[in-house]
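Peer 1: Since the structure of chain A is provided, determine the placement of chain B on it from the hints.
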Amino acid sequence: MITKRIIPCLDIQNGRTVKGVQFQGLTDAGDPVELACKYARDGADELVFLDITATENKRKTLFTMVRDVAAAIDIPFTVGGGVRSVADVEQLLQYGADKVAVNSAALENPELIRDLAKRFGCQCIVAAIDAKLVGDRWKVFQMGGKLETEWELLDWAKQVTDNGAGEMLFTAIDHDGRKQGFANTMLAELNKSVNVPIIASGGAGKIADFVAVFNRGKADAALAASVFHYDTIPIPVLKQVLKQHDIPIRIV
Amino acid sequence: MEIAIIDYGAGNVQSVLFALERLGYTARVTTDAKKIQSADKVIFPGVGEASSAMARLKATELDRVIPKLQQPVLGICLGMQLLCRHTEEGNTSGLGIFDADVVRFSNQVKIPQIGWNTITNLKSDLFRGITAEPYLYFVHSYYVPLIPECIATTDYQATFSSAIQKENFYGVQFHPEKSGEVGAQILTNFLRL
Chain A
1 MITKRIIPCL DIQNGRTVKG VQFQGLTDAG DPVELACKYA RDGADELVFL
51 DITATENKRK TLFTMVRDVA AAIDIPFTVG GGVRSVADVE QLLQYGADKV
101 AVNSAALENP ELIRDLAKRF GCQCIVAAID AKLVGDRWKV FQMGGKLETE
151 WELLDWAKQV TDNGAGEMLF TAIDHDGRKQ GFANTMLAEL NKSVNVPIIA
201 SGGAGKIADF VAVFNRGKAD AALAASVFHY DTIPIPVLKQ VLKQHDIPIR
251 IV
Chain B
1 MEIAIIDYGA GNVQSVLFAL ERLGYTARVT TDAKKIQSAD KVIFPGVGEA
51 SSAMARLKAT ELDRVIPKLQ QPVLGICLGM QLLCRHTEEG NTSGLGIFDA
101 DVVRFSNQVK IPQIGWNTIT NLKSDLFRGI TAEPYLYFVH SYYVPLIPEC
151 IATTDYQATF SSAIQKENFY GVQFHPEKSG EVGAQILTNF LRL
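So the protein sequences, as listed, match chains A and B. Mapping to UniProt numbering: the first sequence position 1 is 1, numbers consecutive. Mapping to UniProt numbering: the second sequence position 36 is 36, numbers consecutive.
Isolated chain A (complex conformation) (with noise of 0.2 Å):
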């Protein structure tokens, strides 16, 4: 049977893991790659290193992380932040991720997904989507979480699926960093409308909080940062009582 993933998240600025609070306030958190082994020791299932590096003259430490972190581990990684074109993809698939998140560039551009997917294969596009009630809709973010677009979320999952996105990493911006639980109403609503795997993202703080995501969100996997890197959820933890849980997971 196939199993829920557990994914921690390392957010990365010039070569450097870092954490923040609702995009905004970023505190230091470690070596990418001494973070990766741990974690890949303690049983998470995929990683997820997104660069939030501002200037483009620093990407280059990008490149070299993604090649050390291949050589390092040995379970699959996704790479996002700033991916804007066929070129950069193809960068990153060489020095070793399995799979590259696209953002904001498939907001400007929604044939860029389709492009990436007719060349790489769908199996490692996944669309992150970042989204946020606006009155009574949820909206899709660019930018960050910035910059409100005109897209509904159910709307522009259905687009970037169409497109030929492999999977999708749905991040509800309020519920990012505040540690009270994930966006389960909405995801369990996304599950019924897109058939590729969702990664729920934003609102870990308990291990209630990861059962809740898999029972009734419908989560095919969950996505975290803080809690997993100071150590507040240990990964053994956490998926040995999720397996009392009766959510099928890989114990290692």
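No wet-lab data here; the hints were simulated from the structure. Keep in mind that the hints are not guaranteed to be accurate.
To be verified - Simulated restraints on C-beta separations: (1) B:1 / A:174: 47 to 57 Å; (2) A:150 / B:26: 49 to 59 Å; (3) A:158 / B:145: 23 to 33 Å; (4) B:32 / A:72: 25 to 35 Å; (5) B:147 / A:251: 23 to 33 Å; (6) B:55 / A:174: 42 to 52 Å; (7) A:90 / B:26: 22 to 32 Å; (8) B:108 / A:158: 13 to 23 Å; (9) A:234 / B:32: 43 to 53 Å.
Claimed, not checked - Footprint (simulated), chain B over chain A, 3 or more residues, beta carbon under 8 Å: (10) 112–124; (11) 193–202.
Claimed, not checked - In the DSS-like style, the derived pairs of lysine-lysine whose C-alpha atoms are separated by at most 30 Å in a straight line are: (12) B:123 / B:166; (13) B:123 / A:243; (14) A:243 / A:179; (15) A:139 / A:19; (16) A:158 / A:139; (17) B:58 / A:118.
Backbone N, C-alpha and C fix where the C-beta goes; we use that ideal spot for every residue, glycine too.
Peer 2: The following block gives chain B in isolation, referenced to the frame of chain A:
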């Protein structure tokens, strides 16, 4: 030991190279038929789309070299699928080593299958030393149905062949290079065949 990794623009070549390095082996990534023919072991990786992958194999005439190889050959993911007669993906003729037609999962399940799943009914030296039902990492939308050459099965929408073997040709649908210690064990077993 000479290990050749067939280069046809597949996405996961670097991952396979790194996995072999972690096991203490070096490998050569090549399109050169002579180097592939003279290697002790051949790995046929694969992430990507079937029809364009076959087109690239044909362009380098490797489609005629691979079926005649005598040493152990390991097809991974798309590599395994291309060892079969035909795949629904792009309505593509494969290398025909296995008399099997690769088909797409139905919409009853999420496509692609992405994640860790178990393999059972293990019947090969490829799985030597592996006792319990191990978890391996899968990423695919198409699968090889149950065939007589099946040496491991996995359940997703249906029970399918997650590994196959015919003489010196081995195929695995999962990614041993990305499947932790169990994956490393399977790669080691292949290199010791």
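Peer 1: Take the hints in turn and mark each one as holding or not.
Peer 2: Hint check results:
no.	hint	result
1	B:1 / A:174: 47 to 57 Å	holds (55 Å)
2	A:150 / B:26: 49 to 59 Å	holds (52 Å)
3	A:158 / B:145: 23 to 33 Å	holds (30 Å)
4	B:32 / A:72: 25 to 35 Å	holds (30 Å)
5	B:147 / A:251: 23 to 33 Å	holds (31 Å)
6	B:55 / A:174: 42 to 52 Å	holds (47 Å)
7	A:90 / B:26: 22 to 32 Å	holds (25 Å)
8	B:108 / A:158: 13 to 23 Å	holds (19 Å)
9	A:234 / B:32: 43 to 53 Å	holds (48 Å)
10	112–124	holds (count 6)
11	193–202	holds (count 3)
12	B:123 / B:166	holds (12 Å)
13	B:123 / A:243	holds (28 Å)
14	A:243 / A:179	holds (22 Å)
15	A:139 / A:19	holds (24 Å)
16	A:158 / A:139	holds (14 Å)
17	B:58 / A:118	holds (19 Å)
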